[in-house]
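Residue numbers (the numbering used here), protein chains in the order written: chain A, 1 to 107; chain B, 1 to 107; chain C, 1 to 107; chain D, 1 to 107.
Think of the hints as simulated: they come from the structure by calculation, not from any bench.
If you're wondering where the values come from, they're calculated on a predicted model, not measured in any experiment.
C-beta atoms are modelled at their ideal positions from N, C-alpha and C, and glycine is treated no differently.
Check the hints yourself; a few may be wrong.
[Said to hold, decoys possible] Restraint-style ranges between C-beta atoms, simulated for each label pair:
#1 C:HIS20 with A:GLU81: 24 to 30 Å
#2 B:GLY87 with C:ILE92: 34 to 40 Å
#3 D:SER44 with B:ILE19: 52 to 58 Å
#4 A:ASP99 with C:SER30: 41 to 47 Å
#5 A:ASP91 with C:LYS22: 18 to 24 Å
#6 B:ASP24 with C:LEU26: 19 to 25 Å
[As the list claims (entries may be wrong)] No more than 16 Å apart at the CA atoms, straight line, and that leaves these computed lysine to aspartate or glutamate pairs for EDC-like:
#7 D:LYS27 with C:GLU46
#8 A:LYS22 with A:GLU73
#9 C:LYS27 with D:GLU46
#10 C:LYS95 with D:ASP51
#11 B:LYS22 with A:GLU73
#12 C:LYS22 with C:GLU72
#13 C:LYS95 with A:GLU33
#14 B:LYS22 with B:ASP99
#15 C:LYS95 with C:GLU81
#16 D:LYS95 with B:ASP51
#17 A:LYS61 with A:GLU33
#18 D:LYS95 with B:GLU72
#19 D:LYS95 with C:ASP51
#20 A:LYS95 with C:GLU72
#21 B:LYS95 with A:ASP51
#22 D:LYS22 with C:GLU81
#23 A:LYS61 with B:GLU64
#24 B:LYS27 with A:GLU33
#25 D:LYS61 with D:GLU33
#26 A:LYS27 with B:GLU46
#27 C:LYS22 with D:ASP45
#28 A:LYS95 with B:ASP51
#29 D:LYS27 with C:GLU33
#30 B:LYS22 with B:GLU72
#31 D:LYS22 with D:GLU81
#32 B:LYS95 with D:GLU73
#33 D:LYS27 with C:ASP45
#34 A:LYS22 with A:GLU72
[Unchecked claim] Computed footprint of chain C on chain D; a stretch qualifies when at least three of its residues, placed anywhere within it, have a C-beta under 8 Å from a C-beta of chain C:
#35 20–33
#36 36–47
#37 59–68
#38 78–90
#39 101–107
There are 4 protein chains.
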Amino acid sequence: MTETPAETPADSHSTHGYIHRKDDYLKRLSRIEGQARGLQRMVSDEKYCIDILTQVSAMTKALESVALGLLEEHLAHCVVEAARSGGPEADIKVKEASDAIARLVRS
Amino acid sequence: MTETPAETPADSHSTHGYIHRKDDYLKRLSRIEGQARGLQRMVSDEKYCIDILTQVSAMTKALESVALGLLEEHLAHCVVEAARSGGPEADIKVKEASDAIARLVRS
Amino acid sequence: MTETPAETPADSHSTHGYIHRKDDYLKRLSRIEGQARGLQRMVSDEKYCIDILTQVSAMTKALESVALGLLEEHLAHCVVEAARSGGPEADIKVKEASDAIARLVRS
Amino acid sequence: MTETPAETPADSHSTHGYIHRKDDYLKRLSRIEGQARGLQRMVSDEKYCIDILTQVSAMTKALESVALGLLEEHLAHCVVEAARSGGPEADIKVKEASDAIARLVRS
Chain A
1 MTETPAETPA
11 DSHSTHGYIH
21 RKDDYLKRLS
31 RIEGQARGLQ
41 RMVSDEKYCI
51 DILTQVSAMT
61 KALESVALGL
71 LEEHLAHCVV
81 EAARSGGPEA
91 DIKVKEASDA
101 IARLVRS
Chain B
1 MTETPAETPA
11 DSHSTHGYIH
21 RKDDYLKRLS
31 RIEGQARGLQ
41 RMVSDEKYCI
51 DILTQVSAMT
61 KALESVALGL
71 LEEHLAHCVV
81 EAARSGGPEA
91 DIKVKEASDA
101 IARLVRS
Chain C
1 MTETPAETPA
11 DSHSTHGYIH
21 RKDDYLKRLS
31 RIEGQARGLQ
41 RMVSDEKYCI
51 DILTQVSAMT
61 KALESVALGL
71 LEEHLAHCVV
81 EAARSGGPEA
91 DIKVKEASDA
101 IARLVRS
Chain D
1 MTETPAETPA
11 DSHSTHGYIH
21 RKDDYLKRLS
31 RIEGQARGLQ
41 RMVSDEKYCI
51 DILTQVSAMT
61 KALESVALGL
71 LEEHLAHCVV
81 EAARSGGPEA
91 DIKVKEASDA
101 IARLVRS
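With the hints as constraints, model all of the structure from the sequences given.
The following block contains the structure:
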């Protein structure tokens, strides 16, 4: 993962679904960053493997929940708007969302 | 998730399976922490939802891979040693590992 | 799971997204039914646990792929149509689809 | 998936962990086969996509639960016995179980 992926044409959109809850997402992601630091501390302190695994599962669930929130807002805003404005844009958005869902389900 | 869970009796073990690859795990977890920071930057910069989701999937896969590594080393060391030393300890270890696997599969 | 769930209001829809590929889905589901029978044969013949697990993973992947296909067609048809016809229906459809996605990601 | 995979050397084992609960597994797999038939009926009757997806998730969870059960018994019997009898067999069993776990987590 490169942390700052190249601009995509879609970046030209004026607003994305999640923007109105930006602060909430930032807070959750910052908590997830803290979990990653907590895991490093546990490995450093040679904690018991099973306890580390429990925290990894908690962190995975937190990430998953961020993804599901972003996805719902993406469907509710970007996909619905593309459908309303008509044209081939809706098909592109649906394909793109479906690919993202497949990556989530398989990860 | 509390970042520093209470000591478990298992913490009294002299060594855990992953210890001989501690540096590798610390490096991978620090990269995962960087991914969490990258995601905050993307949300802050109001990047496109689908691009954020792609990075979330990459981060989830990285975490999953850390978990599978820790688990394999746990089986190879803690579980195998408990089996060898006989007694009820092996049953406890197997139950504990199975519960951790169930959490991973379901998360 | 009851095999024939009660009618939902949504059943009143004249067509669903997957209908035009009905035969393809029936074929895939019949193959999955065959996999379930194959697994019973393996257990009956006391095959090796790991070989059974390999087949369970293959079957899970086949099911997942059916789900992702149904979902994509649902977004492309039912959700897009609801968005186009305006009104609160689109919100209901997005919520419903998001809940289904969450169940898939968590299962 | 071929329904009757070739014999593996491991098939020469006299007993596998799940054997003492063979009937329970056969019953669960037969119920899963019924779920696959129920899904075909739903598609045939053109039921609502979201209701079909709900049943797919239920079936996936049932399969997952069979897999976790088989795995736990495999660890408790085959892996623990291999560890006890010493030699390189334990390493092979741990590697094999870890690969099966990875397939489950990623499917």
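Going through the hints against the structure:
Under the hint 24 to 30 Å, the C-beta atoms of HIS20 of chain C and GLU81 of chain A, about 26 Å apart, fit the expected range. Between GLY87 of chain B and ILE92 of chain C the beta carbon distance is about 58 Å. The supplied range of 34 to 40 Å is therefore violated. Separation of SER44 of chain D from ILE19 of chain B is about 56 Å and conforms to the stated range, judged on CB atoms against 52 to 58 Å. Judged by the Cβ atoms, the range 41 to 47 Å given for ASP99 of chain A and SER30 of chain C is violated: they are separated by roughly 27 Å.
Distance hint check: the CB atoms of ASP91 of chain A and LYS22 of chain C are about 21 Å apart, consistent with the given range 18 to 24 Å. Restraint check, ASP24 of chain B to LEU26 of chain C: a C-beta distance of roughly 48 Å breaks the suggested window 19 to 25 Å. Between the alpha carbons of LYS27 of chain D and GLU46 of chain C the distance comes to roughly 15 Å, so the proposed pair stays at or under 16 Å and holds. Restraint check: the Cα-Cα separation between LYS22 of chain A and GLU73 of chain A comes to about 11 Å, which is no more than 16 Å; the hinted pair holds.
The hinted pair formed by LYS27 of chain C and GLU46 of chain D meets the criterion: a straight-line CA distance of about 15 Å does not exceed 16 Å. Distance check on the hinted pair: LYS95 of chain C and ASP51 of chain D sit about 14 Å apart at the alpha-carbon level, within 16 Å; holds. At roughly 39 Å between alpha-carbon atoms, LYS22 of chain B and GLU73 of chain A are farther apart than 16 Å, so this suggested pair is violated. Only pairs whose Cα atoms come within 16 Å are accepted, and LYS22 of chain C paired with GLU72 of chain C is accepted, the gap being roughly 14 Å.
Distance hint between LYS95 of chain C and GLU33 of chain A is unfulfilled; the C-alpha atoms sit about 29 Å from each other, more than 16 Å. Taking the CA atoms of LYS22 of chain B and ASP99 of chain B, the gap is about 23 Å. The hint is violated against a cut of 16 Å. At roughly 15 Å between alpha-carbon atoms, LYS95 of chain C and GLU81 of chain C fall within 16 Å of each other, so this suggested pair holds. At roughly 35 Å between alpha-carbon atoms, LYS95 of chain D and ASP51 of chain B are farther apart than 16 Å, so this suggested pair is violated.
Proposed proximity of LYS61 of chain A and GLU33 of chain A is supported: the alpha carbons are some 14 Å apart, at most 16 Å. Note on LYS95 of chain D and GLU72 of chain B: the hinted pairing holds, with a Cα-Cα distance of about 7 Å set against a maximum of 16 Å. Proposed proximity of LYS95 of chain D and ASP51 of chain C is supported: the alpha carbons are some 14 Å apart, at most 16 Å. Distance restraint check for LYS95 of chain A and GLU72 of chain C: the Cα-Cα separation of roughly 7 Å lies within the 16 Å cut-off, and the hinted pair is therefore satisfied.
For the given pair, LYS95 of chain B sits about 14 Å from ASP51 of chain A by alpha-carbon distance, which is consistent with the 16 Å threshold. Taking the CA atoms of LYS22 of chain D and GLU81 of chain C, the gap is near 49 Å; set against the 16 Å cutoff, the hint is violated. Simply put, LYS61 of chain A and GLU64 of chain B have alpha-carbon atoms about 11 Å apart, close enough for the 16 Å limit, and the pair holds. Among the hinted pairs, LYS27 of chain B with GLU33 of chain A is consistent with the structure: their alpha-carbon atoms are about 15 Å apart, no more than 16 Å.
Between LYS61 of chain D and GLU33 of chain D, the direct Cα distance comes to roughly 14 Å. Compliance with the 16 Å bound is thereby established for this hinted pair. At roughly 15 Å between alpha-carbon atoms, LYS27 of chain A and GLU46 of chain B fall within 16 Å of each other, so this suggested pair holds. Straight-line distance between C-alpha atoms of LYS22 of chain C and ASP45 of chain D comes to about 10 Å, which keeps the hinted pair within the 16 Å bound. A C-alpha spacing of about 14 Å is found between LYS95 of chain A and ASP51 of chain B, which places the hinted pair at or below 16 Å, so the restraint holds.
Note on LYS27 of chain D and GLU33 of chain C: the hinted pairing holds, with a Cα-Cα distance of about 15 Å set against a maximum of 16 Å. For the proposed pair LYS22 of chain B and GLU72 of chain B, the alpha carbon gap of about 14 Å is at most 16 Å, so the pair holds. For the hint linking LYS22 of chain D to GLU81 of chain D, the alpha-carbon distance of about 20 Å lies beyond 16 Å, and the restraint is violated. With a CA separation close to 10 Å, the supplied pair LYS95 of chain B and GLU73 of chain D stays within the 16 Å bound.
With a C-alpha separation of about 15 Å, the suggested pairing of LYS27 of chain D with ASP45 of chain C holds against the 16 Å cut-off. A C-alpha spacing of about 14 Å is found between LYS22 of chain A and GLU72 of chain A, which places the hinted pair at or below 16 Å, so the restraint holds. Closer than 8 Å: that is the beta-carbon criterion, and the segment 20–33 of chain D has 7 residues meeting it against chain C, so the requirement of 3 holds. Only residues whose C-beta sits within less than 8 Å of a C-beta in chain C count toward coverage, and the segment 36–47 of chain D has 11 of them, enough to reach three; the restraint holds.
Coverage of the segment 59–68 of chain D by chain C holds [criterion: at least 3 residues with CB-CB distance below 8 Å; count 8]. Judged by the Cβ-Cβ criterion of 8 Å, the segment 78–90 of chain D is not covered by chain C as claimed, because only 1 of its residues qualify and three are needed. Against chain C, the segment 101–107 of chain D contributes 3 residues with a C-beta closer than 8 Å to a partner C-beta. That satisfies the three-residue criterion, and the hint holds.
Hint compliance for this structure: hints 2, 4, 6, 11, 13, 14, 16, 22, 31 and 38 are not met, and every other hint is.
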